[in-house]
Amino acid sequence: MARIARRDLRAFEELYRAYHPRLTRFLMTMTRRPPLVEEVLNDTMMVVWNRPERFNGSSRLSTWIFAIAYRTALGALRRQDQPIEDKGADQRPASDPGPERQLGDRQVQAVLLSALDDLSSDHRAVVDLTYFHDMGYREIAEIMDCPVDTVKTRMFHARRHLKRILSGHLADWL
Amino acid sequence: MSGRIIPLRGEPHERIQSLLPWFVTDRLDAAERAEVEAHLTGCPDCRAEERLERRLGSEVAAMPMDVEQSWARLRARLERPASANRGWGSGGGLAAAWRGLGRILRGAPPWTLQPVHGAPPWMGWAMAGQAVLMVALLSMVWPHGGSSSTVDARYHALGAAPSPRAGNVVVMFRPDTREQDLRAALLGGQARLVDGPTAAGVYVLNVPAARRPAAVAALRRRPGVIMAEPIDAAGAR
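Which chain is which? The protein sequence lines are A and B, in order.
Be aware that the first sequence starts at 0, since it is given in numbering that gives the first Met the number 0, and climbs by one per residue.
Be aware that the second sequence starts at 0, since it is given in numbering that gives the first Met the number 0, and climbs by one per residue.
Treat the hints with care, since some could be wrong.
To be verified - Computed list of lysine to aspartate or glutamate pairs in DMTMM-like fashion (alpha-carbon distance at most 20 Å, straight line): (1) K151(A) with E13(B); (2) K151(A) with D117(A); (3) K151(A) with E141(A); (4) K151(A) with D25(B); (5) K151(A) with E36(B); (6) K151(A) with D133(A); (7) K151(A) with E49(B); (8) K151(A) with E31(B); (9) K151(A) with D194(B); (10) K151(A) with E34(B); (11) K151(A) with E10(B).
Claimed, not checked - Some but not every residue of chain A turned toward chain B, in silico, with C-beta under 8 Å: (12) Y18; (13) R78; (14) V126; (15) D133; (16) M134.
Note that these hints are calculated values from the structure, not bench results.
Model, not experiment: these values are computed from the prediction.
C-beta: ideal position from N, C-alpha, C; glycine also.
Input sequences plus hints: build the corresponding full structure.
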């Protein structure tokens with residue numbers, strides 16, 4: 000970051016390439032819109048390039064960058080009228096898995112993808128940061144600028160939803 | 000064990016199960032981890048939840064992401080300067096675009112960088128993104144001085160003649176702006192839409208050159224306008 004603060008473009012390129020896969024994954028899961036992923040990712044990295052002094056070392060660099068990406072994605076989703084936080088998700092009955100979802104184990108991931116689509120972007124963000132990026136709930140709370148209990152609650156409801164959708168497969172898992 | 004969903008049974012099971020996602024990814028502190036381990040030793044239901052949690056986490060982590068098309072487009076953007084022998088690190092097109100953005104951010108008046116009154120705090124970040132798009136759009140619509148510009152050449156080839164209207168103003172409206180207000184803003188400034196809106200909400204306009212300062216000023220006065228800025232040298236302050 001010190002090199003980037005000195006406007007070292009090669010250092011920025013290294014950082015860009017290092018974070019591109021992780022941010023792509025996170026933004027893809029969160030937004031579910033590939034064209035938006037490109038734009039938000041590059042907007043995020045432009046903020047890093049132009050505001051390196053805002054990283055003061057009080058958090059991990061990844062936390063800072065993911066927090067920028069999260070806020071940028073929220074802004075982009077709001078402009079596209081995408082639901083951010085599905086406040087009614089907890090009360091709404093889970094989708095019946097139905098015969099079309101009674102699939103073989105090899106199709107679990109296809110079902111997972113569909114199940115994730117039912118979640119809000121906030122819930123998907125927590126799931127992705129937890130399972131894929133191996134982040135703790137405190138770091139996720141910092142990224143999403145919310146209390147740690149909110150992270151736990153979002154994760155709890157996301158897991159419950161996923162388990163419901165995948166209930167036909169759970170016996171094989173246990 | 001069946002595939003039924005195990006209901007929470009209150010404390011301590013609820014607390015333990017709320018920690019399981021981070022237990023299986025080894026992201027709990029030592030005290031929390033010891034608490035979970037101690038509980039799992041004597042609770043078959045929560046152990047079943049732990050097994051399910053490990054499987055669920057691994058399935059999500061292994062989930063394929065259809066990023067190939069997205070990456071291909073981004074890579075094409077990154078490689079565009081290199082194709083014009085002005086590489087990524089040599090101050091070429093992308094670097095120039097970044098410097099251009101930096102100038103916008105450093106030199107722009109406060110209203111271009113700070114959210115309008117009442118706008119949410121993320122607006123400032125979003126506006127940085129808008130500035131990025133402004134630069135990107137500039138590269139498409141700004142009449143390039145050099146004849147070697149690949150972007151310029153592509154546009155001329157498609158149209159067989161210079162575009163009758165080049166963008167000379169960029170504008171961003173508040174997300175809740177009504178269509179009739181947007182239309183009134185364009186008509187009032189004798190502006191025609193050249194490009195946009197992008198996913199981030201930026202429009203590129205063409206207004207008659209003689210009245211562009213007045214048109215920009217009029218746009219800025221409208222309550223629904225977050226940003227309005229001339230985008231060529233003649234209009235830049």
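A quick look at each hint next to the structure:
{"no.": "1", "hint": "K151(A) with E13(B)", "result": "11 Å, holds"}
{"no.": "2", "hint": "K151(A) with D117(A)", "result": "19 Å, holds"}
{"no.": "3", "hint": "K151(A) with E141(A)", "result": "13 Å, holds"}
{"no.": "4", "hint": "K151(A) with D25(B)", "result": "15 Å, holds"}
{"no.": "5", "hint": "K151(A) with E36(B)", "result": "19 Å, holds"}
{"no.": "6", "hint": "K151(A) with D133(A)", "result": "15 Å, holds"}
{"no.": "7", "hint": "K151(A) with E49(B)", "result": "16 Å, holds"}
{"no.": "8", "hint": "K151(A) with E31(B)", "result": "14 Å, holds"}
{"no.": "9", "hint": "K151(A) with D194(B)", "result": "43 Å, violated"}
{"no.": "10", "hint": "K151(A) with E34(B)", "result": "17 Å, holds"}
{"no.": "11", "hint": "K151(A) with E10(B)", "result": "15 Å, holds"}
{"no.": "12", "hint": "Y18", "result": "13 Å, violated"}
{"no.": "13", "hint": "R78", "result": "5 Å, holds"}
{"no.": "14", "hint": "V126", "result": "6 Å, holds"}
{"no.": "15", "hint": "D133", "result": "5 Å, holds"}
{"no.": "16", "hint": "M134", "result": "7 Å, holds"}
Hints 9, 12 from the list above are not met by this structure, while the remaining hints are.
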